[in-house]
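K.L.:
Given the coordinates of chain A, assemble chain B onto it according to the supplied hints.
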Amino acid sequence: MKQRYNWFDALNAVLLTGVVIACLYPFVYMLAVSVSGAGPIAEGKVWLFPKEFNLDMYRYVFQDGRIVSGYKNTLIYVTLGTATCLLVTSLGAYSLSKRNMILNKTFLLMVVFTMFFNGGMIPTYLVVRELGLVNTIGAMILPGAVATWNLLIMVTFFRGIPQELEESGKLDGLSEMGILFRIVLPLSKPVLATIGLYYAVGIWNGFLGPLLYLRDHELYPLQLHLRNIVLAGELTSSEGPIGGEITIVENALKYAAIMVSTLPILLVYPFIQKYFVKGAMIGSVKG
Amino acid sequence: MSTYRAVPGKPQTRGTPARKAKTARYPWLRNLKRDKYLLLLFLPCLLYYLIFKYGPIFGIVIAFKNYSLFQGIWASEWVGLKYFKLFIESPDFFPVLRNTFLLGFYKLVFGFPAPILLALLINEVRNAFLKRFVQTVSYLPHFISNVIVAGIIVMFLSPTGGLVNHVLEAIGLNKITFMVEPDWFRTIYVSSDIWQHIGWGTIIYLAALSAVDPQLYEASRIDGANRWKQTLHITLPGIAPAIVIILILDIGKILEIGFEKVFLLATPVTYGKADIISTYVYRVGLTNANYSYATAIDLFTGIISFLFILSANWFSRRVSDNSLW
Numbered sequence: 007m008k009q010r011y012n013w014f015d016a017l018n019a020v021l022l023t024g025v026v027i028a029c030l031y032p033f034v035y036m037l038a039v040s041v042s043g044a045g046p047i048a049e050g051k052v053w054l055f056p057k058e059f060n061l062d063m064y065r066y067v068f069q070d071g072r073i074v075s076g077y078k079n080t081l082i083y084v085t086l087g088t089a090t091c092l093l094v095t096s097l098g099a100y101s102l103s104k105r106n107m108i109l110n111k112t113f114l115l116m117v118v119f120t121m122f123f124n125g126g127m128i129p130t131y132l133v134v135r136e137l138g139l140v141n142t143i144g145a146m147i148l149p150g151a152v153a154t155w156n157l158l159i160m161v162t163f164f165r166g167i168p169q170e171l172e173e174s175g176k177l178d179g180l181s182e183m184g185i186l187f188r189i190v191l192p193l194s195k196p197v198l199a200t201i202g203l204y205y206a207v208g209i210w211n212g213f214l215g216p217l218l219y220l221r222d223h224e225l226y227p228l229q230l231h232l233r234n235i236v237l238a239g240e241l242t243s244s245e246g247p248i249g250g251e252i253t254i255v256e257n258a259l260k261y262a263a264i265m266v267s268t269l270p271i272l273l274v275y276p277f278i279q280k281y282f283v284k285g286a287m288i289g290s291v292k293g
Numbered sequence: 003m004s005t006y007r008a009v010p011g012k013p014q015t016r017g018t019p020a021r022k023a024k025t026a027r028y029p030w031l032r033n034l035k036r037d038k039y040l041l042l043l044f045l046p047c048l049l050y051y052l053i054f055k056y057g058p059i060f061g062i063v064i065a066f067k068n069y070s071l072f073q074g075i076w077a078s079e080w081v082g083l084k085y086f087k088l089f090i091e092s093p094d095f096f097p098v099l100r101n102t103f104l105l106g107f108y109k110l111v112f113g114f115p116a117p118i119l120l121a122l123l124i125n126e127v128r129n130a131f132l133k134r135f136v137q138t139v140s141y142l143p144h145f146i147s148n149v150i151v152a153g154i155i156v157m158f159l160s161p162t163g164g165l166v167n168h169v170l171e172a173i174g175l176n177k178i179t180f181m182v183e184p185d186w187f188r189t190i191y192v193s194s195d196i197w198q199h200i201g202w203g204t205i206i207y208l209a210a211l212s213a214v215d216p217q218l219y220e221a222s223r224i225d226g227a228n229r230w231k232q233t234l235h236i237t238l239p240g241i242a243p244a245i246v247i248i249l250i251l252d253i254g255k256i257l258e259i260g261f262e263k264v265f266l267l268a269t270p271v272t273y274g275k276a277d278i279i280s281t282y283v284y285r286v287g288l289t290n291a292n293y294s295y296a297t298a299i300d301l302f303t304g305i306i307s308f309l310f311i312l313s314a315n316w317f318s319r320r321v322s323d324n325s326l327w
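In order, the protein sequence lines correspond to chains A and B. At the far end of the first sequence sits residue 293, using the numbering used here, and the numbering has no gaps. At the far end of the second sequence sits residue 327, using the numbering used here, and the numbering has no gaps.
Don't read these hints as lab results, they were simulated from the structure. Every value quoted in this text rests on a predicted model; they were computed, and no experiment measured them. Treat each hint with caution, since some may be false.
What the hints assert, rightly or not - Here's a subset of chain A near chain B, in silico, CB distances under 10 Å, partners left out:
(1) F113
(2) R135
(3) V283
As the list claims (entries may be wrong) - In the PhoX-like style, the derived pairs of lysine-lysine whose C-alpha atoms are separated by at most 25 Å in a straight line are:
(4) B:K255 with B:K275
(5) A:K280 with B:K133
(6) B:K87 with A:K176
(7) A:K195 with A:K284
(8) B:K275 with B:K87
(9) A:K176 with B:K35
As the list claims (entries may be wrong) - Computed, partial: chain A to chain B, Cβ under 7 Å:
(10) P32
(11) L132
(12) L237
Where a beta carbon is used, it is the ideal one built from N, C-alpha and C, also for glycine.
Looking at chain A on its own, in the form it has when it is part of the complex (with noise of 0.2 Å):
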């Protein structure tokens, strides 16, 4: 059938070209800005491509101790952080999984139950603190050891796995473990590469966990120094007058901060969304 397109399909178009525009624009602007020379960034000449194109301010970014410390914190956290998550959350979903497991029901309440009803911001860090985590790496990888709903996720996948698989696995001679680690996660996979996902993105942007729990600075992940540099303006080059030519450096240094802690993320994003997507699916199925 011959495809006819009406006013209806312009607007259409018009109006998605801005969601494009919103979502994409913002970084494309701070990339332009934190590569170009200060004096087209005054005069407000700077929209879409850099001008008087330089890499100063990412040579200031990287000099400044805190960002690539707290890159380094940031990476540490990401990577034993998911390792743990994954493992935690992927033999507790298998258990879960299992229908007429002893107290199966009991222990998928307890957890479903804590998605509507949590103890809050206090007692947490009370336990936390009580444990002896605070400002230690621990605080920054136990307390968010399993996510409920990405467990959820995986007790929706892992019910999906056919039955028979498991079985013929058992006549084989698999014991529970090995139908575990011989048949069930080699076919997760999927499921496991976007929970993990989940987790490593949590982890990376997560702000509040470290607020609460870390003290000394040498343990500050790379949001927290983000934070002072961008928000809270804690600049190794902000004495003296604020105002003028300095603040317009200052933005582009700020940009420039901003684009390197992003950057990573920007830039594996298009390969691994469908990834992410995926976890959204399994996730609403379950509703």
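P.N.:
Then chain B, alone, in the frame of chain A:
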């Protein structure tokens, strides 16, 4: 249905007669033995929930005690509802509750329909590549951290060198000092929230849209329905269950506004409209170490939230077939 262990009696044949007799008397003991590996696999998860989820829930008792770090939870004296009274009678009570409720309400009113509209628009795109492209791009802001989003907002709205004020000046308007004017706070918060989550929110609706039977569209076309009529009578009813479920969940979250972005965007100048329960709890509880008082406030709002979701669910079950449970 699960057919896991279709023959539960079989594996026990290895046991000695004495053990068999014992397990026969206590069936749960037999199940415990049967499931010992599954239970072992669940153990880390169980410990996590007991310590980090139910530990704090138990810790809520400090809302009813005069908790001090030195005495610990048990030794601290009971004070009953003292801290709840203190909160309700404090001058902060009404503004903080109003700010939280209004911010949540505006977020619901504007943030809830936005993804539905976008999903409907995306659904009308007939070129598959363009459709994918718009989707992919619109999900992107969801993965940017709140710190960076707040940073972008503050810098774009800055009166010195901010993009938005550049534009305002260029079209001959006055500069606005957005971040220090309390009246702008809710607008900034809600619109940036829509920017962050509109794309991601469409996923569930697009999934529901793809499940609508294409035959319905064909039949309606033969009956002479145009695209607007199709949207009204086929598409919207098709995704109604998803809409209702998301609405219930969102109503339950009205008071649970994310701490991070408000904390990052609010300044003492804008507290009059920006200070919400979670930032208040953080300031009172952790900055001033008033643990019991802060916990009481948290519990108070937790209960209200719980009531919200219960009544939303109840209402939805009465008027439609959709509910969470």
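K.L.:
Is the Cα-Cα distance between K176 (chain A) and K35 (chain B) 25 Å or less?
P.N.:
Since the Cα atoms of K176 (chain A) and K35 (chain B) sit roughly 17 Å apart, the hinted pair holds (cutoff 25 Å).
K.L.:
Answer holds if the nearest beta-carbon of chain B is closer than 10 Å to that of F113 (chain A); otherwise answer violated.
P.N.:
holds, 7 Å
K.L.:
Does P32 (chain A) meet its interface restraint, that is, does its C-beta lie within less than 7 Å of any C-beta in chain B?
P.N.:
holds, 6 Å
K.L.:
Holds or violated: K255 (chain B) and K275 (chain B), Cα atoms, limit 25 Å.
P.N.:
Holds, at roughly 19 Å.
K.L.:
Is the interface hint for L237 (chain A) satisfied, with its Cβ closer than 7 Å to some Cβ of chain B?
P.N.:
Hint on L237 (chain A): holds, closest Cβ of chain B at ~6 Å, below 7 Å.
K.L.:
Verify the proposed pairing of K195 (chain A) with K284 (chain A), using a straight-line Cα cut of 25 Å.
P.N.:
Cα-Cα ~12 Å, so holds.
K.L.:
Regarding the pair K275 (chain B) and K87 (chain B), is the alpha-carbon distance no greater than 25 Å?
P.N.:
holds, 23 Å
K.L.:
Holds or violated: K87 (chain B) with K176 (chain A), Cα cutoff 25 Å?
P.N.:
violated, 61 Å
K.L.:
Below or equal to 25 Å on CA atoms is what counts here, so check K280 (chain A) against K133 (chain B).
P.N.:
Status holds; Cα separation ~14 Å.
K.L.:
Holds or violated: the hint that R135 (chain A) contacts chain B, with Cβ atoms closer than 10 Å.
P.N.:
Holds, because the Cβ-Cβ distance from R135 (chain A) to chain B comes to roughly 8 Å (cut-off 10 Å).
K.L.:
Return the status of the interface hint for L132 (chain A): holds when the least beta-carbon distance to chain B is below 7 Å, violated otherwise.
P.N.:
Holds: closest Cβ of chain B sits about 6 Å from L132 (chain A), inside 7 Å.
K.L.:
Report holds or violated for the interface hint on V283 (chain A), using the least CB-CB distance to chain B and a cut-off of 10 Å.
P.N.:
Check passed: Cβ of V283 (chain A) comes within 6 Å of chain B, closer than 10 Å.
The structure does not agree with numbered hint 6 stated previously, though it agrees with all others.
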